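Assemble the whole structure, with the sequences as input and the hints as a guide.
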Amino acid sequence: MAALAAFIAGCATDAPELHDNYAYQNPPQAQPKPAAIQPPAAPYPPASVRPELSAGSAAGVLAGAYSDYPSVRRFIGDMVSKHGFSESYLNGLFSRAHRLESVIRLENPPPSPGTSKPSVGSWTRYRNKFLTEQHIQNGTNFWLDNAEVIRKASVTYGVDPEYIVAIIGVETYFGRNFGKTSIFDSLTTLSFDTYRRSKFFMSELESFLLMAREEDFDPLEPKGSWAGAMGYGQFMPSSFRRLAIDFNSDGRRDLWHPHDAIGSVAHYFSKNGWHYNNPVARPSNGSRAEGPVIELSTYDGPEHWRTYPNFKVIKRYNNSDKYAMAVHQLAQAIRQRMETSGAVIRSSSAK
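Numbering (numbering that gives the first Met the number 0), first residue to last: 0 to 350.
The hints are simulated quantities; they were obtained by calculation from the structure and are not laboratory data.
Be aware that one or more of the hints could be misleading.
[Unchecked claim] Straight-line distance between alpha carbons at most 27 Å, and here's what the computed DSSO-like set of lysine-lysine pairs gives: (1) Lys-128 / Lys-314; (2) Lys-128 / Lys-311; (3) Lys-128 / Lys-222; (4) Lys-81 / Lys-314; (5) Lys-179 / Lys-222; (6) Lys-198 / Lys-222; (7) Lys-270 / Lys-151; (8) Lys-81 / Lys-321; (9) Lys-321 / Lys-179; (10) Lys-179 / Lys-198; (11) Lys-198 / Lys-311; (12) Lys-198 / Lys-128; (13) Lys-179 / Lys-128; (14) Lys-314 / Lys-198; (15) Lys-179 / Lys-314; (16) Lys-270 / Lys-311; (17) Lys-321 / Lys-311; (18) Lys-321 / Lys-270; (19) Lys-270 / Lys-198; (20) Lys-311 / Lys-151; (21) Lys-151 / Lys-81; (22) Lys-179 / Lys-81.
[What the hints assert, rightly or not] Simulated restraints on C-beta separations: (23) Gly-76 / Asn-276: 48 to 58 Å; (24) Pro-110 / Arg-251: 41 to 51 Å; (25) Lys-311 / Asn-127: 23 to 33 Å; (26) Arg-195 / Arg-251: 32 to 42 Å; (27) Ser-286 / Gly-120: 52 to 62 Å; (28) Lys-198 / Arg-241: 15 to 25 Å; (29) Gly-290 / Ala-62: 53 to 63 Å; (30) Gly-76 / Asn-127: 11 to 21 Å; (31) Leu-105 / Gln-133: 43 to 53 Å.
No experiment lies behind these values; they were computed from the predicted model shown.
Just so it is clear, CB atoms sit at the ideal spot from N, CA and C, and this is done for glycine as well.
Here it is as structure tokens:
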């Protein structure tokens, strides 16, 4: 592990210079950027014209696990008045909602007995989840399999391609772990059966139902994380509606399709201020005179890193120094693997 850490630190130190010699990338040129699809102006069709409702899913009254929840009835009323949903459609939908005890436990874990786990080595433990040979090789394969789309997203949005790949690797292991929880059930549970962040999740539930309407899918179908994140990039519904892109131009924004996910992650980075070919983090002696410095705990003592504005952009995805550093170091390791396989890169990009 020490050798891997030294290799990654070296990659991070040389990050800006490596771009100059990396034949696979070109500096981004001004390109027209695909616009996010806007919500339709028409009100939600009544039950009589929606086939899934005519099949018997609409209901005159709320039933099921949430039948005695005034908060759910208020939410339905708000969706009807604010967004033109059919009340019978929403009654039928929420009558089929399931309260997920596992989600409640994850959102409200019991306090740990005794003393908390020491933080010594916390970065080492976190890094070891993502900086593995499997992650690096699978990231390289994902890049090669989607080479032209990643190149296009990088050029269109001015985002370094290795970071597009690394986000997808950290979030879903390159599509191998989307999550298996019903998004509708998880957001309903978090909105009406938990309290710490219930307002946030209720807003996400509202966005999710609007998203289902705009993209024309059954809200009971999508599955993702226990907290409602979806697709390769694990977008929350509000992020989906603002930043997801139909990057393959098939008329749908589908974050379970790698091409739309790649474009959407690049769009997310661009909108949050990413600067192409600029540094993210470099090893530091700990002096804050040089700029922002973070400290990460390893079993061999603290690591200090000088961070740059792009580091903050990664943290817009997840506000954690360890998360952003894992994305950064995985991106550097995957890029290094790509560079040492130059012949494969050239044959892939020539397709």
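Here is how each hint holds up against the structure:
{"no.": "1", "hint": "Lys-128 / Lys-314", "result": "18 Å, holds"}
{"no.": "2", "hint": "Lys-128 / Lys-311", "result": "22 Å, holds"}
{"no.": "3", "hint": "Lys-128 / Lys-222", "result": "23 Å, holds"}
{"no.": "4", "hint": "Lys-81 / Lys-314", "result": "33 Å, violated"}
{"no.": "5", "hint": "Lys-179 / Lys-222", "result": "5 Å, holds"}
{"no.": "6", "hint": "Lys-198 / Lys-222", "result": "21 Å, holds"}
{"no.": "7", "hint": "Lys-270 / Lys-151", "result": "17 Å, holds"}
{"no.": "8", "hint": "Lys-81 / Lys-321", "result": "40 Å, violated"}
{"no.": "9", "hint": "Lys-321 / Lys-179", "result": "25 Å, holds"}
{"no.": "10", "hint": "Lys-179 / Lys-198", "result": "24 Å, holds"}
{"no.": "11", "hint": "Lys-198 / Lys-311", "result": "26 Å, holds"}
{"no.": "12", "hint": "Lys-198 / Lys-128", "result": "32 Å, violated"}
{"no.": "13", "hint": "Lys-179 / Lys-128", "result": "20 Å, holds"}
{"no.": "14", "hint": "Lys-314 / Lys-198", "result": "22 Å, holds"}
{"no.": "15", "hint": "Lys-179 / Lys-314", "result": "25 Å, holds"}
{"no.": "16", "hint": "Lys-270 / Lys-311", "result": "13 Å, holds"}
{"no.": "17", "hint": "Lys-321 / Lys-311", "result": "12 Å, holds"}
{"no.": "18", "hint": "Lys-321 / Lys-270", "result": "22 Å, holds"}
{"no.": "19", "hint": "Lys-270 / Lys-198", "result": "25 Å, holds"}
{"no.": "20", "hint": "Lys-311 / Lys-151", "result": "24 Å, holds"}
{"no.": "21", "hint": "Lys-151 / Lys-81", "result": "38 Å, violated"}
{"no.": "22", "hint": "Lys-179 / Lys-81", "result": "31 Å, violated"}
{"no.": "23", "hint": "Gly-76 / Asn-276: 48 to 58 Å", "result": "51 Å, holds"}
{"no.": "24", "hint": "Pro-110 / Arg-251: 41 to 51 Å", "result": "44 Å, holds"}
{"no.": "25", "hint": "Lys-311 / Asn-127: 23 to 33 Å", "result": "25 Å, holds"}
{"no.": "26", "hint": "Arg-195 / Arg-251: 32 to 42 Å", "result": "34 Å, holds"}
{"no.": "27", "hint": "Ser-286 / Gly-120: 52 to 62 Å", "result": "24 Å, violated"}
{"no.": "28", "hint": "Lys-198 / Arg-241: 15 to 25 Å", "result": "18 Å, holds"}
{"no.": "29", "hint": "Gly-290 / Ala-62: 53 to 63 Å", "result": "59 Å, holds"}
{"no.": "30", "hint": "Gly-76 / Asn-127: 11 to 21 Å", "result": "49 Å, violated"}
{"no.": "31", "hint": "Leu-105 / Gln-133: 43 to 53 Å", "result": "26 Å, violated"}
Against the hints set out earlier in the document, violations occur for numbers 4, 8, 12, 21, 22, 27, 30, 31.
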